[in-house]
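Trainee: Sequence:
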Amino acid sequence: MGGSASSQLDEGKCAYIRGKTEAAIKNFSPYYSRQYSVAFCNYVRSEVEQQRDLTSQFLKTKPPLEPGTVLYEAELSQFAEDIKKWKERYIVVKNDFAVESYENKEAYQRGAPPKSRILPAGGKVLTSEDEYGLLSDRHFPDPIASSEKENTQPFVVLPKEFPVYLWQPFLRHGYFCFQDAADQKKFSALLSDCIRHLNHGMARLPSGPQLGCLFSVGLVSHLLE
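In terms of my numbering, the sequence shown opens at residue 910 and continues consecutively.
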């Protein structure tokens, strides 16, 4: 939290985080209530009109890929939250845009379940520790942190030179690391594409609650920028 290193939270910090979370949900609820009504009306209208294809779009959507198509696979360093250590993992991203992490390539090939599975919808991709720290401090400031920055410790000690941070509100963040800048750029671009597809894909789901939540998050994010 804030600019301090990862550690066990004491009761004071837990109470602070609990209060901030409750306040965020309370502030978010009015946006959700209003946007849900709009989304539900749009959903009912699409059902009444039998979801007729609109022809006013200039860009045509590409035909969908076969389910299970692999978009990315590689071995890289990932910070394992359960053991608080960096581990070499085999990362696979298919066309459902979920980031799956396996013990190794052999585990993936034999059909073992992933060690973790991340849906990055609504996230932000950052490639420097300073950017990640500023974003985290803005959303979750440390109430007992000193105003002096010279003693600030890193969130996690990087094993390699080129990090990729996946920042997700209200979810555990993802940490990845690369030896080469080109690999970092490729993975960060892929994550950004996954986020974009998931965010836009949710808007096509025929569900009032999902649409209401998506529109509300988008509105609040716009107001915070």
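Misleading hints may appear alongside valid ones.
What follows is a list of derived Cβ distance ranges for each label pair [stated by the list, open to error]:
1. 1046 <-> 1019: 40 to 48 Å
2. 932 <-> 981: 20 to 28 Å
3. 919 <-> 943: 33 to 41 Å
4. 974 <-> 1046: 36 to 44 Å
5. 923 <-> 1094: 15 to 23 Å
6. 1109 <-> 1014: 25 to 33 Å
DSS-like, lysine-lysine: derived pairs with alpha carbons at most 27 Å apart [to be verified]:
7. 996 <-> 1014
8. 1095 <-> 1003
9. 1024 <-> 1094
10. 1024 <-> 1003
11. 929 <-> 1003
12. 1069 <-> 1094
13. 1033 <-> 1094
14. 922 <-> 935
15. 929 <-> 1033
16. 1069 <-> 994
17. 1095 <-> 996
18. 1003 <-> 922
19. 996 <-> 935
20. 993 <-> 929
21. 1033 <-> 1003
22. 1094 <-> 1003
23. 993 <-> 935
Hints listed in this document are in silico derivations from the structure and should not be mistaken for laboratory results. Glycine included, each C-beta is placed from N, C-alpha and C at the ideal position.
Trainee: Now, for every hint given, state plainly whether the structure supports it.
Mentor: These are the hints, each one checked on the structure:
Between residue 1046 and residue 1019 the beta carbons are some 43 Å apart, a value that agrees with the proposed interval 40 to 48 Å. For the hinted restraint 20 to 28 Å between residue 932 and residue 981, the CB-CB distance of approximately 38 Å leaves it violated. A hinted range of 33 to 41 Å for the beta carbons of residue 919 and residue 943 is consistent with their spacing of about 38 Å. Distance hint check for residue 974 and residue 1046: the Cβ-Cβ separation is about 39 Å, which falls inside the suggested range of 36 to 44 Å.
Range check, residue 923 to residue 1094: about 38 Å between beta-carbon atoms, so the 15 to 23 Å window is missed. Distance hint check for residue 1109 and residue 1014: the Cβ-Cβ separation is about 31 Å, which falls inside the suggested range of 25 to 33 Å. With a C-alpha separation of about 14 Å, the suggested pairing of residue 996 with residue 1014 holds against the 27 Å cut-off. At most 27 Å may separate the alpha-carbon atoms for a hinted pair to count; residue 1095 and residue 1003 meet this at roughly 15 Å.
Under the criterion of a C-alpha separation no larger than 27 Å, the hint pairing residue 1024 with residue 1094 is consistent with the structure, at around 24 Å. Among the hinted pairs, residue 1024 with residue 1003 is consistent with the structure: their alpha-carbon atoms are about 16 Å apart, no more than 27 Å. Taking the CA atoms of residue 929 and residue 1003, the gap is near 35 Å; set against the 27 Å cutoff, the hint is violated. Between residue 1069 and residue 1094 the alpha-carbon distance is near 14 Å, which keeps this suggested pair within the 27 Å criterion.
A threshold of 27 Å between alpha carbons decides the hint, and for residue 1033 with residue 1094 the separation of about 14 Å falls inside it, so the pair holds. Restraint check for residue 922 and residue 935: the C-alpha separation of about 20 Å stays at or below 27 Å, so the hint holds. For the proposed pair residue 929 and residue 1033, the alpha carbon gap of about 21 Å is at most 27 Å, so the pair holds. For the suggested pair residue 1069 and residue 994, the alpha carbons sit about 13 Å apart, so the restraint of at most 27 Å is met.
Taking the CA atoms of residue 1095 and residue 996, the gap is about 20 Å. The hint holds against a cut of 27 Å. Pair hint residue 1003 plus residue 922 does not hold up; C-alpha atoms about 38 Å apart against a cutoff of 27 Å. Of the pairs offered as hints, the one joining residue 996 and residue 935 is violated, with about 38 Å between alpha carbons and a cut-off of 27 Å exceeded. About 25 Å separates the Cα atoms of residue 993 and residue 929, which keeps this hinted pair within 27 Å; it holds.
Of the pairs offered as hints, the one joining residue 1033 and residue 1003 holds, with about 19 Å between alpha carbons and a cut-off of 27 Å not exceeded. Straight-line distance between C-alpha atoms of residue 1094 and residue 1003 comes to about 18 Å, which keeps the hinted pair within the 27 Å bound. At most 27 Å may separate the alpha-carbon atoms for a hinted pair to count; residue 993 and residue 935 exceed this at roughly 32 Å.
Of the numbered hints stated above, those contradicted by the structure are hints 2, 5, 11, 18, 19 and 23, listed in ascending order.
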